[in-house]
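Enquirer: As they're listed, the protein sequences go chains B and C.
What the first sequence shows, in the numbering used here, is residues 3 to 178, in sequence order.
What the second sequence shows, in the numbering used here, is residues 3 to 178, in sequence order.
Calculated from the structure, these hints are not laboratory results.
Honestly, I wouldn't trust all of these hints.
Repeated chains share a single entry, so a pair holds when one copy, or any two copies, can fit it.
Said to hold, decoys possible - List time: in silico DSS-like cross-link candidates among lysine-lysine, alpha-carbon distance up to 27 Å: (1) Lys106 / Lys127; (2) Lys127 / Lys89; (3) Lys138 / Lys127; (4) Lys34 / Lys109; (5) Lys172 / Lys106; (6) Lys89 / Lys34; (7) Lys39 / Lys106; (8) Lys89 / Lys172; (9) Lys109 / Lys39.
2 protein chains.
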Amino acid sequence: MNYSEIVRFHGHECPGLAIGYRMALAGLEALKCIRSKDEELVSIVENDACGVDALQCLTGSTFGKGNLIFRNYGKQVYTIYSRNSHKGVRVRFNVTTVPDEIRKDRKRFAEWILSCAAENILEVKTVDIEQPPRAKTRTSLPCAICRESVMETRIRDLDGRSVCIPCFNKESSDNG
Amino acid sequence: MNYSEIVRFHGHECPGLAIGYRMALAGLEALKCIRSKDEELVSIVENDACGVDALQCLTGSTFGKGNLIFRNYGKQVYTIYSRNSHKGVRVRFNVTTVPDEIRKDRKRFAEWILSCAAENILEVKTVDIEQPPRAKTRTSLPCAICRESVMETRIRDLDGRSVCIPCFNKESSDNG
Numbered sequence: 003m004n005y006s007e008i009v010r011f012h013g014h015e016c017p018g019l020a021i022g023y024r025m026a027l028a029g030l031e032a033l034k035c036i037r038s039k040d041e042e043l044v045s046i047v048e049n050d051a052c053g054v055d056a057l058q059c060l061t062g063s064t065f066g067k068g069n070l071i072f073r074n075y076g077k078q079v080y081t082i083y084s085r086n087s088h089k090g091v092r093v094r095f096n097v098t099t100v101p102d103e104i105r106k107d108r109k110r111f112a113e114w115i116l117s118c119a120a121e122n123i124l125e126v127k128t129v130d131i132e133q134p135p136r137a138k139t140r141t142s143l144p145c146a147i148c149r150e151s152v153m154e155t156r157i158r159d160l161d162g163r164s165v166c167i168p169c170f171n172k173e174s175s176d177n178g
Numbered sequence: 003m004n005y006s007e008i009v010r011f012h013g014h015e016c017p018g019l020a021i022g023y024r025m026a027l028a029g030l031e032a033l034k035c036i037r038s039k040d041e042e043l044v045s046i047v048e049n050d051a052c053g054v055d056a057l058q059c060l061t062g063s064t065f066g067k068g069n070l071i072f073r074n075y076g077k078q079v080y081t082i083y084s085r086n087s088h089k090g091v092r093v094r095f096n097v098t099t100v101p102d103e104i105r106k107d108r109k110r111f112a113e114w115i116l117s118c119a120a121e122n123i124l125e126v127k128t129v130d131i132e133q134p135p136r137a138k139t140r141t142s143l144p145c146a147i148c149r150e151s152v153m154e155t156r157i158r159d160l161d162g163r164s165v166c167i168p169c170f171n172k173e174s175s176d177n178g
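Isolated chain B, as found in the complex (with noise of 0.2 Å):
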């Protein structure tokens, strides 16, 4: 996908989405990998910001293929393994090297970060990681009360009946 693709993809352009194209093009690049078809690429976020969208295109390590572990750690840092050649690399964005002038003004920073030189704004690091398990296919059950689907691994028990979350909640909180 493109810049274009995905500023579409996220809805609209934005600095945080220019650092987070840099830094997952620079991981892939590091790499030496393509777009993640399946779980190839495994990428860690340490936050939820507008550039993780910019990694869900370019990398392929989306929200819904599994591929993609939020560490909520508050740091702009993507680390990107690959289950290919066991390979992983940790990009950090260095925000202190972003003129102040620049900042103030959020199309001017966004060109900014797309124009400037790599080594201005990332820190780009091979890194020792433990292979993240694979994304698993569970199978559901209905839950004892609302009847919905549930994942077998998020059932909980209420006196020997199998229910949803929710309904285990709402349960223990009218008997609560």
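Based on the hints, put chain C in the right spot on chain B.
Expert: Frame of chain B; chain C shown alone:
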């Protein structure tokens, strides 16, 4: 985004993606809404299966935009809320109506999902929900140990020093 663009985003075609496509489309139709450029729409998803990638593409509720809320209930349910109309709709996929012989063949299953009548597989209800809060932009501070930037809300206090979660965890385990 059309179906082939969504398949490209997800990386491959599968029954789960087709299910999410039908669910998200049905939700948008019920709300009489189009894709969210910014945060007009908020989606609450009750699993992180393939279909959520179709929802991200169709509704514009994306992981990076803060208008995709994940409740890990293991249920094939999307609740989509419009900040403009203050209306919400709950869409549930009913797997029990899919004939067993269709489910055995993934390609045929996906095709069947895309072509069957919505009322055969989906339950769509309007719901009253509280308006979810908008995503907030936070300032960042440098971690006192690694010096990397951390969102202020994710800072931890380590003996009076403001540190990031990975440094906090490392120091705690080193001294534990």
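Enquirer: If you test the structure against every hint from before, which numbers come out violated?
Expert: 1, 3, 4 and 5
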